[in-house]
Amino acid sequence: MTSFHEILLRSKEGPLVEEKEFDMSLFKKTQELQKKYDLHYDPEKPLDLDGTMADRLFQAGVELYLDQGTYCSTTHRVIRVSEEELFDAIEACPEEIELGEGDDRVRMVHRNVEGDQEPIVVAGIQTAPFSDEEMMFKIYEGCAGDRCIDGIWGGILLKIDGKYEVVAGAPSEIYQYRKTVEVLRKAVAAAGRPGMITINNAPTCSATIAMFDEQRGLRRSDYMESTGMSEMKVAYDDLNRSAFALAHGVPIHGTHSSVIGGFSGNPEGAAITAVAASLGLVTVHRAICFRCGTVDARIKSRVTRKQLWVAGTAIQALSRSTRLIVDGTIGDHPAAGPGTKQYLYESAAGHIVSTVMGAHSTEGTRKFVVGNTCNYGTPLESRWMGEVCKTAVGLDRRAADRIVRYLLDKYENSLNNAPAGETYEKLYDMKTNAPLPHYQKLYDEVRKELKNQGLPLS
Amino acid sequence: MSRSQENEQLLADLKKAILKYAEDQAEKITQKIIEVKIDPLQVMNQTIAEAARELGDKFESGEIFLPHLVMAGDVMERVSELLESTLDAGSIEQMGVKTIVIGTVQSDVHSIGKDIVAMLLKANGFKILDLGVDVPCEDFVRQAKAQAADVIALSSLLTTTMPFQREVIQILEATEERGSYKVLVGGGPVTGGWAEEIRADGYGKDAVEAVDAAKRLTGLRPDGA
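Protein chains in written order, with my numbering: chain A, 1 to 458; chain B, 1 to 225.
Just so you know, the hints here were simulated from the structure itself, not pulled from any lab data. Backbone N, C-alpha and C define an ideal beta-carbon position, used for all residues, glycine too. A couple of the hints might just be wrong.
Stated by the list, open to error - Label pairs and their in silico Cβ distance ranges:
id, chain 1, residue 1, chain 2, residue 2, range
1, A, ASP55, B, ALA174, 55 to 61 Å
2, A, LEU49, B, SER4, 56 to 62 Å
3, A, GLU165, B, SER61, 36 to 42 Å
4, A, GLN215, B, GLU63, 52 to 58 Å
5, A, HIS76, B, GLU173, 30 to 36 Å
6, A, HIS40, B, GLU77, 31 to 37 Å
7, A, ASP396, B, GLN46, 54 to 60 Å
8, A, PHE137, B, GLU177, 44 to 50 Å
9, A, LYS45, B, GLN5, 46 to 52 Å
10, A, GLU6, B, THR86, 39 to 45 Å
11, B, GLU177, A, ALA420, 35 to 41 Å
To be verified - Once the Cα atoms are required to be at most 20 Å apart in a straight line, the calculated DMTMM-like pairs of lysine to aspartate or glutamate come out as:
id, chain 1, residue 1, chain 2, residue 2
12, A, LYS300, B, ASP57
13, A, LYS28, B, ASP206
14, A, LYS28, B, GLU23
15, A, LYS300, B, ASP206
Generate coordinates for the entire structure from the input sequences, incorporating the hints supplied.
Here is the structure:
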């Protein structure tokens with residue numbers, strides 16, 4: 001397998017290319033490849049049900065990656081690998097890894113399409129701001145208490161000592177992210193799950209590294225996030241994270257989002273890029289599990305009809321053609337906020353597609369960020385993510401398709417004017433850390449609705 | 001065909017060429033427009049503005065994508081250069097082309113949202129200097145000065161990088177240059193309330209709003225007229 005240092009060398013000595021040239025070349029190639037491989041998005045078919053197009057999509061993704069490579073935005077060089085090097089890298093990835101410790105340790109394995117392998121669920125309100133330690137502790141303790149989830153993504157305490165601002169790249173970022181992860185570890189321990197997977201990712205590499213501490217912070221049994229920039233790019237700050245993780249023995253989780261309406265163009269192009277970029281996460285970032293995602297340049301939700309098709313087909317392509325460990329998490333970042341039925345509908349649609357198409361869901365729950373609104377989520381959304389992912393195991397694509405169509409009907413026309421929802425304070429009893437009756441009732445109603453639609457909830 | 005009809009046809013052809021991203025064709029038509037002495041201001045404020053509006057609508061509806069905005073922006077930039085080459089400095093000033101320095105703030109590498117805003121602004125006739133991502137605060141100010149920019153546009157996608165939007169404004173205040181530039185802010189976590197709090201001049205919730213805000217800040221009407 002091509003070494004990490006060889007990849008770094010190529011990031012310094014590969015072809016020097018203007019970023020605009022790389023971007024426009026991506027567009028041209030994705031448009032060519034969708035014709036060559038006969039890839040078609042049909043809005044009437046939000047899920048690819050037979051997998052034959054997914055197989056062609058994998059071939060298109062391989063061809064795109066070999067041709068286009070990964071653009072290093074730090075050096076303006078293109079990192080390319082040969083076909084042999086690419087398949088060596090894929091082959092070198094484990095089919096299963098273990099995350100967490102002790103009784104809370106879990107096996108994260110390659111999942112098949114419609115597979116019965118258990119999806120690993122890392123919930124928690126990912127990267128969101130919290131008002132204070134007490135509130136963060138309470139919310140994460142509540143999330144960790146749910147046995148249907150396997151791990152928690154951390155957020156950030158908005159102010160130091162309730163007063164001082166946290167700024168990316170400044171000492172305050174290192175201090176506060178470190179502080180945050182300590183609270184997270186205490187919260188999972190208080191919930192009786194001290195070995196549970198805990199994840200967090202700061203804006204800069206130095207603050208992310210500062211969170212690693214076997215006793216009080218992130219451990220080798222958690223994972224390190226190494227993010228690919230949209231689309232098909234990497235910066236040294238991300239490769240620094242990979243370098244640390246490789247040296248420190250931490251599994252690397254890569255993540256990338258292709259952009260519908262961006263340089264990938266249409267949904268077909270975004271699907272090809274989603275596959276190609278995933279291959280880049282494996283070869284360049286050295287990820288052994290990765291999120292194969294997509295966003296829409298125009299809509300703040302990850303579960304539009306187009307996105308479900310793009311991410312679902314790309315996950316299916318990687319699941320069918322490789323033994324890689326794929327993360328989907330399509331259901332995070334709904335347009336609607338916590339405490340609304342629409343949030344639960346959007347979240348369910350994404351997580352059903354992730355699970356049935358062969359992925360795990362390890363990127364937390366969160367509405368798209370809105371200013372500095374703190375405590376914008378509750379443990380109940382984490383429970384929903386866990387319940388949906390775990391019970392969607394065993395559904396076949398046709399059953400998933402029926403439920404997803406039902407859900408799309410519920411939220412599709414409300415994505416641009418989605419309800420903002422409420423913060424924890426308005427949805428939970430602060431003393432008991434339990435949902436207020438109106439929120440529990442809403443949750444139970446949606447749960448019953450989905451059960452009636454065929455999601456095998458208990 | 002009368003002279004007036006011929007001119008109208010030329011302007012219609014130019015718009016069509018822009019919407020087809022046909023740079024060579026647009027260049028030829030512009031040369032012809034210059035030869036027949038159609039007022040460059042009319043070309044800029046009507047033909048190009050109409051094309052920009054259509055492009056914005058098509059992007060919003062999902063009919064075209066970011067690369068199309070890039071291509072159209074290049075065509076319009078070339079057309080503007082040709083038109084400007086026929087004018088003296090005073091007339092160029094009269095054309096009212098406004099310059100915007102744009103970038104994603106320090107420690108933040110999110111680029112797509114900023115790219116879309118930059119391309120839509122360019123397609124709407126603004127001269128754009130895109131500084132990229134992870135741009136130090138001082139660079140925004142330095143480049144704005146160097147370009148004699150009208151607007152500094154600051155994108156931030158993280159709550160922990162939003163303070164850099166304020167820092168750019170603080171630098172402008174400290175150097176007594178605040179009055180020289182309008183500051184426009186945007187990005188996922190950014191709100192109108194935050195823009196107000198940091199004393200920014202404008203805020204765009206999305207790319208279309210950002211373009212409208214830029215037009216308002218530079219004295220152009222939101223419809224581009």
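Verification of the supplied hints:
no.: 1; hint: A:ASP55 <-> B:ALA174: 55 to 61 Å; in the structure: holds (60 Å)
no.: 2; hint: A:LEU49 <-> B:SER4: 56 to 62 Å; in the structure: holds (59 Å)
no.: 3; hint: A:GLU165 <-> B:SER61: 36 to 42 Å; in the structure: holds (40 Å)
no.: 4; hint: A:GLN215 <-> B:GLU63: 52 to 58 Å; in the structure: holds (55 Å)
no.: 5; hint: A:HIS76 <-> B:GLU173: 30 to 36 Å; in the structure: holds (34 Å)
no.: 6; hint: A:HIS40 <-> B:GLU77: 31 to 37 Å; in the structure: holds (35 Å)
no.: 7; hint: A:ASP396 <-> B:GLN46: 54 to 60 Å; in the structure: holds (57 Å)
no.: 8; hint: A:PHE137 <-> B:GLU177: 44 to 50 Å; in the structure: holds (45 Å)
no.: 9; hint: A:LYS45 <-> B:GLN5: 46 to 52 Å; in the structure: holds (49 Å)
no.: 10; hint: A:GLU6 <-> B:THR86: 39 to 45 Å; in the structure: violated (54 Å)
no.: 11; hint: B:GLU177 <-> A:ALA420: 35 to 41 Å; in the structure: holds (37 Å)
no.: 12; hint: A:LYS300 <-> B:ASP57; in the structure: holds (18 Å)
no.: 13; hint: A:LYS28 <-> B:ASP206; in the structure: violated (26 Å)
no.: 14; hint: A:LYS28 <-> B:GLU23; in the structure: holds (17 Å)
no.: 15; hint: A:LYS300 <-> B:ASP206; in the structure: holds (10 Å)
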